[in-house]
Amino acid sequence: MRYGAGFWMKLKSLLFRTVVSTALVGSSAWATDVIELEPVEHIKLRNDGLPIVTLSPDILYRILVGEVAVQQGDFDTASQVFLSLAKDTADPRFAQRAFQFSMADNNLARGIVAAKEWSLLAPNDPEAKATALALEASTGQTSGLAQTLYQRIVQASDKEQAIIQAMSIISKMVDSRLALDVLEQALPPDVRELTVSHLALADIAWAAQQPDRALHEARLALKQEPDSQLAIQRVLEYGLVVDDRSVIDEARQFIQLNPDARDVALLLINRLVDLKEFDQALLQLRDMQRRNPEDFDLLLTQAEINVRAERYDVAVTLLNEYINVHTQRRQSLPDDTTTAVSSISDARLSLVQIAEKQGQLNEAIRQLNLIEEPALQFQVKVHRAVLEARLGDLKRANRTLDSLGVLGKRDQAVVDLTRASMLREAGRTDQAIQVLERSDKELPDTPEIKYDLAMLYASQGRNEELEPLLRQVIELQPQNANAYNALGYTFADMNKNLDEAQGLLEQALELEPDNPYILDSVGWYLYRVGDYQAALEYLKRSYEQLPDAEVAAHLGEVLWAKGRRDEAKQVLQQAWKKSPGNSNLERVMNRLGVKP
Numbered sequence: 001m002r003y004g005a006g007f008w009m010k011l012k013s014l015l016f017r018t019v020v021s022t023a024l025v026g027s028s029a030w031a032t033d034v035i036e037l038e039p040v041e042h043i044k045l046r047n048d049g050l051p052i053v054t055l056s057p058d059i060l061y062r063i064l065v066g067e068v069a070v071q072q073g074d075f076d077t078a079s080q081v082f083l084s085l086a087k088d089t090a091d092p093r094f095a096q097r098a099f100q101f102s103m104a105d106n107n108l109a110r111g112i113v114a115a116k117e118w119s120l121l122a123p124n125d126p127e128a129k130a131t132a133l134a135l136e137a138s139t140g141q142t143s144g145l146a147q148t149l150y151q152r153i154v155q156a157s158d159k160e161q162a163i164i165q166a167m168s169i170i171s172k173m174v175d176s177r178l179a180l181d182v183l184e185q186a187l188p189p190d191v192r193e194l195t196v197s198h199l200a201l202a203d204i205a206w207a208a209q210q211p212d213r214a215l216h217e218a219r220l221a222l223k224q225e226p227d228s229q230l231a232i233q234r235v236l237e238y239g240l241v242v243d244d245r246s247v248i249d250e251a252r253q254f255i256q257l258n259p260d261a262r263d264v265a266l267l268l269i270n271r272l273v274d275l276k277e278f279d280q281a282l283l284q285l286r287d288m289q290r291r292n293p294e295d296f297d298l299l300l301t302q303a304e305i306n307v308r309a310e311r312y313d314v315a316v317t318l319l320n321e322y323i324n325v326h327t328q329r330r331q332s333l334p335d336d337t338t339t340a341v342s343s344i345s346d347a348r349l350s351l352v353q354i355a356e357k358q359g360q361l362n363e364a365i366r367q368l369n370l371i372e373e374p375a376l377q378f379q380v381k382v383h384r385a386v387l388e389a390r391l392g393d394l395k396r397a398n399r400t401l402d403s404l405g406v407l408g409k410r411d412q413a414v415v416d417l418t419r420a421s422m423l424r425e426a427g428r429t430d431q432a433i434q435v436l437e438r439s440d441k442e443l444p445d446t447p448e449i450k451y452d453l454a455m456l457y458a459s460q461g462r463n464e465e466l467e468p469l470l471r472q473v474i475e476l477q478p479q480n481a482n483a484y485n486a487l488g489y490t491f492a493d494m495n496k497n498l499d500e501a502q503g504l505l506e507q508a509l510e511l512e513p514d515n516p517y518i519l520d521s522v523g524w525y526l527y528r529v530g531d532y533q534a535a536l537e538y539l540k541r542s543y544e545q546l547p548d549a550e551v552a553a554h555l556g557e558v559l560w561a562k563g564r565r566d567e568a569k570q571v572l573q574q575a576w577k578k579s580p581g582n583s584n585l586e587r588v589m590n591r592l593g594v595k596p
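Using our numbering, the first residue of the sequence shown is number 1, and each one after it goes up by one.
Please keep in mind that the hints were generated in silico from the structure rather than gathered at the bench. Treat the numbers as computed from the prediction; the structure is a model and nothing was measured. Idealized CB from N, CA, C, for every residue including glycine. Treat the hints with care, as some may be off.
Straight line, CA to CA, 30 Å or less: simulated DSSO-like cross-link-like pairs of lysine-lysine [unchecked claim]:
| no. | residue 1 | residue 2 |
| --- | --- | --- |
| 1 | 395 | 381 |
| 2 | 357 | 395 |
| 3 | 569 | 496 |
| 4 | 578 | 562 |
Simulated restraints, written as ranges between beta carbons of each label pair [said to hold, decoys possible]:
| no. | residue 1 | residue 2 | range |
| --- | --- | --- | --- |
| 5 | 461 | 540 | 27 to 37 Å |
| 6 | 370 | 463 | 39 to 49 Å |
| 7 | 297 | 246 | 22 to 32 Å |
| 8 | 547 | 590 | 18 to 28 Å |
| 9 | 331 | 379 | 19 to 29 Å |
| 10 | 390 | 573 | 25 to 35 Å |
| 11 | 253 | 276 | 15 to 25 Å |
| 12 | 370 | 580 | 36 to 46 Å |
Based on the provided sequences and hints, a complete structural model is requested.
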């Protein structure tokens, strides 16, 4: 039996009435940072120290509720359910799960409570105690954790292992700057200069957004162990934002002295590609190929570099050479067929990518048809259908999707979404809506279908039908920033429910603070409420990342409202040159009297 959003809402309501609000803590208790936990007495234990828990109908039901919440991404509910189960059963495993889901929900206060409960119920579990101390340290109470770790390292016979364990505990802290302080206090003087100590400090400093310190510690680690690949990798990674030329030179020198350091060489090549220094990356790769002429995987790396450099003809030649090598390998080593087929498939997918970039859709389809790997066949056929639709042959595309046969629910959702997308791109929005409406009835707990259907409704101005769908998406996926954003933007664009729009957009922004679509929505909301300066700041940030017509239209509106009309005209006219005919942009320009 499938449970739709209505069932889930009722289930949550029942849960809050019968479990959470009447469990060991009430809803108001979550607002406090510290809840005193009393030990549970008179609990019968198994031989392994875990409590004997009778799986009553109530406990089974609550476990089911918690597991359903996890599947739906509702970590708030899941953490509350498992915490109440831990308190009622004295089972530390429930407390551990409550801690994990509290952290997934970014709820530090509840995470601290769950960690303390876990530590209380498992007093001999060092991870439980250390986790509780780590979370306490995240609130600024660092001395207890630092002292505990210091003593552990002092008493340990294997200092390196003790430091690694300390890092595992400290990494649970929410505030990386406090974590760095704790680690510095936890390292006794006699181990402070160990390579592993410098590596640990480098990692925490990087997490704390202190790249200079991270690079300094990584270099100290390399000084301690000049042949340490872990150290030079950190020098390269952390140093690129500090002094890219210097650290690249250091990595090159390391590779010259350690020619077998394959991972370091590949990391250097990747970073050179990221810096668009393609020729330098290829030179480095050729050195590797000279030393390892039988390492045919480097051919694929060489091809990928040329793809990134948009040297497609060279890349195609290399990919075909790579395919030939593995075809011969497949013939000569029949026992290793699986590896060869997988390698050939990787190369053909790259050829598909190149053909698409060059607008050669028939060639892309030909390459897809040559892929033999069984695990990729679903992906291959879906991709082929999309390309066939782009060629204007919707009938053929639908036949390709139909050839997939009977599918599981997840794959069926992908096929339905693909069909709707093909129809939408062909301008057949009504048919796309019919596909997703039918799919939503058959797969009622699939948020992706509801979201895409809502977006189709939005394109037709059917906002009354859009709203309940987006609310269901939020119910099914509480961490879905796009759903909060879409509903908040809809309200702002309609200039209604602005208080709720604010809350929705704040939630979206908290989940994805740098998402340009969300920044655009927030800017448009601020424009609606008359805060033009704040609106301008958000829209500028959005436009820097996403210089498209829709954002330009909003930015132009706000600049115009602030009296900066020359700037507004410039933004709108530049956007028109890139996207002539955009209906929203055209509407704004006509209303403001701005000529293309």
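Here is what the structure says about each hint:
Between residue 395 and residue 381 the CA atoms are separated by roughly 14 Å; this keeps the pair inside 30 Å, and the hint holds. Using a Cα cut-off of 30 Å, the hinted pair residue 357 and residue 395 holds, with the two alpha carbons roughly 24 Å apart. Under the criterion of a C-alpha separation no larger than 30 Å, the hint pairing residue 569 with residue 496 is consistent with the structure, at around 28 Å. Note on residue 578 and residue 562: the hinted pairing holds, with a Cα-Cα distance of about 25 Å set against a maximum of 30 Å.
A hinted range of 27 to 37 Å holds for the C-beta pair residue 461 and residue 540, which are about 28 Å apart. For the hinted restraint 39 to 49 Å between residue 370 and residue 463, the CB-CB distance of approximately 46 Å keeps it satisfied. Hint check: residue 297 to residue 246, Cβ distance near 30 Å, so the stated range 22 to 32 Å holds. Hint check: residue 547 to residue 590, Cβ distance near 21 Å, so the stated range 18 to 28 Å holds.
Distance hint check: the CB atoms of residue 331 and residue 379 are about 26 Å apart, consistent with the given range 19 to 29 Å. Taking the beta carbon of each, residue 390 and residue 573 are about 31 Å apart, inside 25 to 35 Å as hinted. A hinted range of 15 to 25 Å for the beta carbons of residue 253 and residue 276 is consistent with their spacing of about 23 Å. For residue 370 paired with residue 580, a C-beta distance near 39 Å keeps the hint of 36 to 46 Å intact.
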